[in-house]
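> Protein chains in written order, with full-length UniProt numbering: chain A, 1 to 293; chain B, 1 to 293; chain C, 1 to 293; chain D, 1 to 293; chain E, 1 to 293; chain F, 1 to 293.
There's no promise every hint is true.
Residues on chain B that point at chain E, a partial pick, calculated with CB under 7 Å [unchecked claim]:
(1) Gln-6
(2) Ala-94
(3) Gly-100
(4) Ile-103
(5) Val-108
(6) Gly-125
(7) Gly-137
(8) Thr-201
(9) Pro-205
(10) Asp-242
It is worth saying that the hints were derived from the structure and are not from the lab. Heads up, the beta-carbon is just placed ideally off N, CA and C, and yes, glycines get one too.
6 protein chains.
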Amino acid sequence: MFFHKQELQFTASPSKPDAVYARRLQEVLGGQYGEISVAMQYGFQAWNSHKPGKYRDLLFGIGAEEFGHVEMLAIMIAQLLEKAPVEQSEAAMAADPVLGAVIGGTDVQAAIVAGAGARPVDSNGNPWQGSYVTASGNLLADFTANANAEMQGRVQAARLYNMTDDKGVRDLLSFLIARDTMHQNQWLAAVAELQAEGTETLPVPSNFPINQEHREFSYEYINFSDGKTAAEGSWASGPTPDGKGEFSYRDGPETSVPMPPPTQPDPRFFGTDAKPNLVDKATGVIKDKLSTK
Amino acid sequence: MFFHKQELQFTASPSKPDAVYARRLQEVLGGQYGEISVAMQYGFQAWNSHKPGKYRDLLFGIGAEEFGHVEMLAIMIAQLLEKAPVEQSEAAMAADPVLGAVIGGTDVQAAIVAGAGARPVDSNGNPWQGSYVTASGNLLADFTANANAEMQGRVQAARLYNMTDDKGVRDLLSFLIARDTMHQNQWLAAVAELQAEGTETLPVPSNFPINQEHREFSYEYINFSDGKTAAEGSWASGPTPDGKGEFSYRDGPETSVPMPPPTQPDPRFFGTDAKPNLVDKATGVIKDKLSTK
Amino acid sequence: MFFHKQELQFTASPSKPDAVYARRLQEVLGGQYGEISVAMQYGFQAWNSHKPGKYRDLLFGIGAEEFGHVEMLAIMIAQLLEKAPVEQSEAAMAADPVLGAVIGGTDVQAAIVAGAGARPVDSNGNPWQGSYVTASGNLLADFTANANAEMQGRVQAARLYNMTDDKGVRDLLSFLIARDTMHQNQWLAAVAELQAEGTETLPVPSNFPINQEHREFSYEYINFSDGKTAAEGSWASGPTPDGKGEFSYRDGPETSVPMPPPTQPDPRFFGTDAKPNLVDKATGVIKDKLSTK
Amino acid sequence: MFFHKQELQFTASPSKPDAVYARRLQEVLGGQYGEISVAMQYGFQAWNSHKPGKYRDLLFGIGAEEFGHVEMLAIMIAQLLEKAPVEQSEAAMAADPVLGAVIGGTDVQAAIVAGAGARPVDSNGNPWQGSYVTASGNLLADFTANANAEMQGRVQAARLYNMTDDKGVRDLLSFLIARDTMHQNQWLAAVAELQAEGTETLPVPSNFPINQEHREFSYEYINFSDGKTAAEGSWASGPTPDGKGEFSYRDGPETSVPMPPPTQPDPRFFGTDAKPNLVDKATGVIKDKLSTK
Amino acid sequence: MFFHKQELQFTASPSKPDAVYARRLQEVLGGQYGEISVAMQYGFQAWNSHKPGKYRDLLFGIGAEEFGHVEMLAIMIAQLLEKAPVEQSEAAMAADPVLGAVIGGTDVQAAIVAGAGARPVDSNGNPWQGSYVTASGNLLADFTANANAEMQGRVQAARLYNMTDDKGVRDLLSFLIARDTMHQNQWLAAVAELQAEGTETLPVPSNFPINQEHREFSYEYINFSDGKTAAEGSWASGPTPDGKGEFSYRDGPETSVPMPPPTQPDPRFFGTDAKPNLVDKATGVIKDKLSTK
Amino acid sequence: MFFHKQELQFTASPSKPDAVYARRLQEVLGGQYGEISVAMQYGFQAWNSHKPGKYRDLLFGIGAEEFGHVEMLAIMIAQLLEKAPVEQSEAAMAADPVLGAVIGGTDVQAAIVAGAGARPVDSNGNPWQGSYVTASGNLLADFTANANAEMQGRVQAARLYNMTDDKGVRDLLSFLIARDTMHQNQWLAAVAELQAEGTETLPVPSNFPINQEHREFSYEYINFSDGKTAAEGSWASGPTPDGKGEFSYRDGPETSVPMPPPTQPDPRFFGTDAKPNLVDKATGVIKDKLSTK
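Please take these sequences and the hints and turn them into a complete structure.
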């Protein structure tokens, strides 16, 4: 269950409205790595969790905070849009270059559809979608997804910080960036803890039977490009991070196999190679549906 | 530039057609974490790269291999579909329970749209989309995204391995799982190397100025749920993975701020609270467009 | 801010797993009129609200309950999937008709992608998307959207009730249907209250100036089909619901205007009618970019 | 069957081209509540109708008019785009601030993809999609959806009216706004008529058996937020709009149930909690696929 | 303007309901090459047309017929769904293998969302979308798109014909296939006529200035694969279809250029290569925003 | 298999950065008819091919070149974005009209999400999607789709050529336009060759039995609009392009059939016309689930 309190975790008011910036801020609200994504992602990982205890509690504990961040950003955006211009004719823009600049930079749907309100979309107006959520049921994989989400989110917030000089907006971003620092660290700590206690180890999933894997390809870097320095990294020689092998390097594939011949599906799919002798030229009737050779 | 060779990196032929399984295999071809995703993701990270040398070479070297995996899976799926049933009427299903089972489990568009062919979609028929690709320009964040992609991909391939007993399909999956092991290790090695050489460190992005972050919130776990064990993990006390702080724990937020008052946009957006005295009741004309209070 | 409690508003456990039904239940979790939609919709309406007080409090009060319903359904679905079959080969289905029936009816991504978990998608696997949310800033319009959402949701839950005889699932649906009854009534009460107090009246938006509307078309039913009974309803004669007019009926449009002539954009858009005399036949150079006639 | 006549219901020509406004007008053509949506929605409701007579005739009668509105807007947009600028280089914009303003505000695909033509997309370029259509087979629910669509559409048209001072565009909008007034009234009249004749009543669906609903939750407002005025509305006390109950108010849920324990799916889904004793540590083989506890 | 008549162009009733087939038939209603696509495509091409007369009349003339085909298929699908099963529990399927087969093969949203009705989606439940429409303003290109749409549509209808033995369904498909034959022929005739009268010729667009094209690459087949027979076709030697050149063949590219060096954007994008000397190590402040080298 | 070489087929560097134009160029990279679409389309057609030899070799031979074009455009876009502005506040735009113009015209996600990098999206930021790909298994249909794709692509490139005066960008476009000329010609040559050798002829699919088609409708133009010149084209009289009939012309449909009566699905779908006598008014229980009439 979720309970709502009409307070915010941190101040979320701009110094003054800025409809152009409101559009940009939509990215960290409704974009691929926005707050809706992490709130939903941690929620689904918790609801699908196969283990009670600290990992699930962690997911619930951070997830509920992120729903509050969704709220903070939505409210901030509504305030940034408070003076969104209504008159947007070409004539008005000709008379006022700043207005012209503003028009081009705003989200027109924020005005027409939402009446100067926030929306569950990214900075290009693409609606948020459920496919942004990763919840596989394997915690080491999912916590790595979470660490990535917090990294991408912090990179975006850092970029947004430099796109405004509004003190109120920057103050909120300084707060959110700090929380991204925290959560980035937490998911990496959880990744380490899963491995340390042996609950899950590398490679993920660690309980897939080794004898069902073609191990001769498991630690060999096969370089399909012609980059000269590809062999210099720690990914081409030395021990592997999973502690179970040694990297080796090969310049392109050693062996290959011929392509299998083209398929011959039932002629009633009317592919190009449906054998003509199967069709009675006079009547057009397909004579034999089974023989395709 | 890409050059194509009409050979495959590994055998990709099933023991016998299986249209039901063909649909399942679409997930690792055209799903969120399928081969199209990683091929495109490594490509865009390379094309947007800001550093010449080993990291870009690595992206190109693995990326080109993944385009070949797209091809292997597409060809495997076409073969699995080679005997896809045409007659799919309810009557036919009543007569043949196996056919009925088959019908429900196949991708109907593989038959109707592609004539028993592979398609750039996932196992539910959702088209592959560009938003599956992550390429932020920050290599530590992006390599973490890559590690996650290889982990999710390996989890899915492992599940698919147990959904068939076809020797040919399992053989290909054993190969792909091995490559996922390799690439998972490689991206983690690259993540470690970036940090070891100081090119990028945690938290990502590491060059965001510390004094622009509200540091008092950077290492504090604020638990917004009531999970009793939330404080037990290594994410609630002790040193943080970025080596720059100490985790602390707090049960819910210490302070909060009141919500800002609702916004009052221009009355010509016709929101509910457009002040009625602004409108001349007789004529309906809005008298003053600027004053909203 | 949102706070999470690890309890549920109502029991949400099935009598036994049923992976086929789990897929169906996804509709009221992640479909167009599922719980994610209403939770988000009420949230965005509240965050964009232009009036403090009872209407905004109502949005927050119901919205937070709906986030808890998202959780109840996700957890129910995870339990329904707990025994989701892994072996799904055609051979296995041939041996077990029930398995075959099951396979065709389940969401394959629930198995391959989520490892027997709930996902933010509908019953056909389409990801939930932000465009399901309506929040225009006009409360009478938006509360009508909310009433519709609760009606559609109750219709779907009622259908789902009859697709299972699992006591636990039916118990949860009986609860959710009751809440849909309540919320349907509440939004209709709020629609009535807005009108009774004159905050907003019909037609929506009520403060659009009457003299800017072509009133001669505001209450005339122009029938563009040939249905004989079209004129019999209360929508073709008598007073209008907004209390401002009288319905009249017309069989097709009285007058019409000719289509404007086709457009002639700049020839450098290379439309078919770019006048050939503008292009120097010998050199292919476009001679005059401005004259298009 | 549909028959087309090369005339328009009303004049649809701008006083002069305005490529910036053309983009805005796309919202009421191809947006969520644009003319394509209502034309298709009324069509599908009619085609799926379970009752012959006046309600189906009404759907056909309005639906066909809306297809004509699609045409009027498409033609208007093509004319607004007739002088869409071709040269859009940064240098050109530097030389001409108005051009710069124009560039940012136009739909670039209208130029590049359509050669100065209308497209089935909204004002942000999102393609129109079938999920905008609601057609449940329950007329009271669907007519409420229609009333909402006409309300949202009229709100958007009213906003668009104030974004231009072009006489021709405003003239068309004055006409469309009048038709929205009419159709808004018609659907509300139809909603009332359905109830008056007892064909369908509240709550929707009215024929869901009362004894299958947890009636103790059907009229109780459970406030999950802390808004002080939540209890003041007509939705918290007094008779309910469906005439079947009395509203009551409760501050938060009275009772709750503990979360069910996490699920334990088949270990071959490789979730984190796949019990380790099931896997032979030496060989990696999963020993027992059935026992998961 | 469109006028609706409550009659159909051809009989559209099945011999008996078949919910499994209803799902398949959705493909030619709401799929990429379904009737909604061609109806909308011909409409937008007409509305954007730059030439009055026969070509635009042709677009209107066929377009309006296609809207009627949308209706025929929607009505057919509603009838096929008339006996769609409600009880869909696993137990019910175990008791009745045919029901099990049926369940897996139907569109669950047709039942849950539409109450046994047609929907604007394809056979996998993907909503129809505006991006299926092609309308570039260049008639030769667009008529080629139309010919392709009618070809793909006829292929799909032909496949669907063999997936049922219902006399009523086959009768409708025989009619639609005949219309596809007609329209396929018409668009090809129009393509030929455009060229014969010199309105537009190959290559499209024919009025792009020849001297702005790198003609040395305009007729050379550069083979980037190793297929031995690639040079045997009429596309590798002899005159070109546009009548303006001679095909030549080359095995791979003759020359190539080195990749440009990686980009160095502003360090405030926090890319990996943001030069460290720009950042004050102690304070983290970025010292110089402009120098990136 | 694909092999990558770190060279380009042609120079792909702009004379100077231009972030506004970078957005436009995304259309031919990640739009419906961009390079990703053709690369993937030719790939899937080859992988699904039912014939070995020259046609499949052609698909592979061109397809691999197109993947290289994806790379050229991505790299060009990254360079165009190299000086993408960071500071984008309203104040900054007021001070610098050119900056204002630039801001409105750029893709904000290129900055916020990609850090000045290319992305797999179109010029409006819509992600590339698998539904852009056509691969039906019928080569004559698919090669027509390919010809259309190259035509649309060349039209777009020609328009983009006139939207910039940057020498480097124009040089690359001159090259790509030349390749579009070539590939347009090649697919048309292949279409002709398929027909000349009788592998596939018109109408597509040519092997659908003639006696299963309602031939009386196969060559008759039925004009559903009132365009006076509709009968003048070569599509209304004379021999048909498939060489199998004669066009005839009819002004509207000759005959029609009445609409079938509305459907009566199971009352448990709770449609409006679920007969009331089936429901016990007192208890609300549905008495008889089977009788719906």
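> Name the hints, by number, that the structure is in violation of.
Hint check: 8 and 10 fail, others pass.
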